[in-house]
Amino acid sequence: MSNATRQLIEQYYAAFNAADWDAFMALLTEDVVHDVNEGAREGGREAFGQFMERMNRSYREHISNITVMVNEDGSRAAAEYIVEGTYLQTDEGLPEARGQQYRLPGGAFFDIRDGKVARVTNYYNLQEWIRQVEG
1 MSNATRQLIE QYYAAFNAAD WDAFMALLTE DVVHDVNEGA REGGREAFGQ FMERMNRSYR
61 EHISNITVMV NEDGSRAAAE YIVEGTYLQT DEGLPEARGQ QYRLPGGAFF DIRDGKVARV
121 TNYYNLQEWI RQVEG
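Counting with the UniProt record's numbering, you get residues 1 to 135 for the letters of the sequence shown.
Simulated from the structure, these hints should not be mistaken for laboratory data. We put the CB at the ideal spot given by N, CA and C, even for glycine. Among the hints, a few may not be true.
Pair ranges (Cβ atoms, derived) [unchecked claim]:
no.	residue 1	residue 2	range
1	N3	G135	37 to 45 Å
2	L94	A14	23 to 31 Å
3	A19	G44	17 to 25 Å
4	G135	D73	17 to 25 Å
5	N71	E96	39 to 47 Å
6	I130	E42	21 to 29 Å
7	D111	D20	16 to 24 Å
8	V36	G99	34 to 42 Å
9	Q11	G99	16 to 24 Å
10	R98	G44	29 to 37 Å
11	R103	E46	25 to 33 Å
12	N3	R131	19 to 27 Å
Work out the full structure: start from the sequences and follow the hints.
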């Protein structure tokens with residue numbers, strides 16, 4: 001089971017990096033829970049899709065140096081990675097976008113149910129991101 005979970009998380013990031021949003025969204029349960037970095041908890045695939053649409057308007061990102069860790073029964077996973085991006089359009093409450101480049105470490109925690117992502121919690125250092133885009 002842990003190999004299937006590892007493959008699921010690898011597919012998740014491969015779809016993200018390819019901007020294949022149909023494949024990306026298909027990896028989520030209908031009732032997926034999304035804990036936004038330093039934000040509110042959102043529920044459901046539709047809300048997650050709306051979040052991704054907003055993100056894609058403001059950011060172009062690529063995830064690299066991905067390390068996936070999985071528990072024995074494959075019900076939980078974590079990933080550590082580097083996010084490299086371009087800030088395209090000002091996101092509400094954040095500094096003005098001027099095409100700034102950024103690079104910072106991040107991580108995510110996952111709950112897996114029936115071979116799909118049932119929860120994802122993302123973390124990165126927002127203050128470091130702000131420092132990079134304001135610098």
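Outcome of the hint check:
no.: 1; hint: N3 <-> G135: 37 to 45 Å; verdict: holds (42 Å)
no.: 2; hint: L94 <-> A14: 23 to 31 Å; verdict: holds (28 Å)
no.: 3; hint: A19 <-> G44: 17 to 25 Å; verdict: holds (22 Å)
no.: 4; hint: G135 <-> D73: 17 to 25 Å; verdict: violated (44 Å)
no.: 5; hint: N71 <-> E96: 39 to 47 Å; verdict: holds (42 Å)
no.: 6; hint: I130 <-> E42: 21 to 29 Å; verdict: holds (22 Å)
no.: 7; hint: D111 <-> D20: 16 to 24 Å; verdict: holds (23 Å)
no.: 8; hint: V36 <-> G99: 34 to 42 Å; verdict: violated (24 Å)
no.: 9; hint: Q11 <-> G99: 16 to 24 Å; verdict: violated (30 Å)
no.: 10; hint: R98 <-> G44: 29 to 37 Å; verdict: holds (34 Å)
no.: 11; hint: R103 <-> E46: 25 to 33 Å; verdict: holds (31 Å)
no.: 12; hint: N3 <-> R131: 19 to 27 Å; verdict: violated (39 Å)
Hints 4, 8, 9 and 12 from the list above are not met by this structure, while the remaining hints are.
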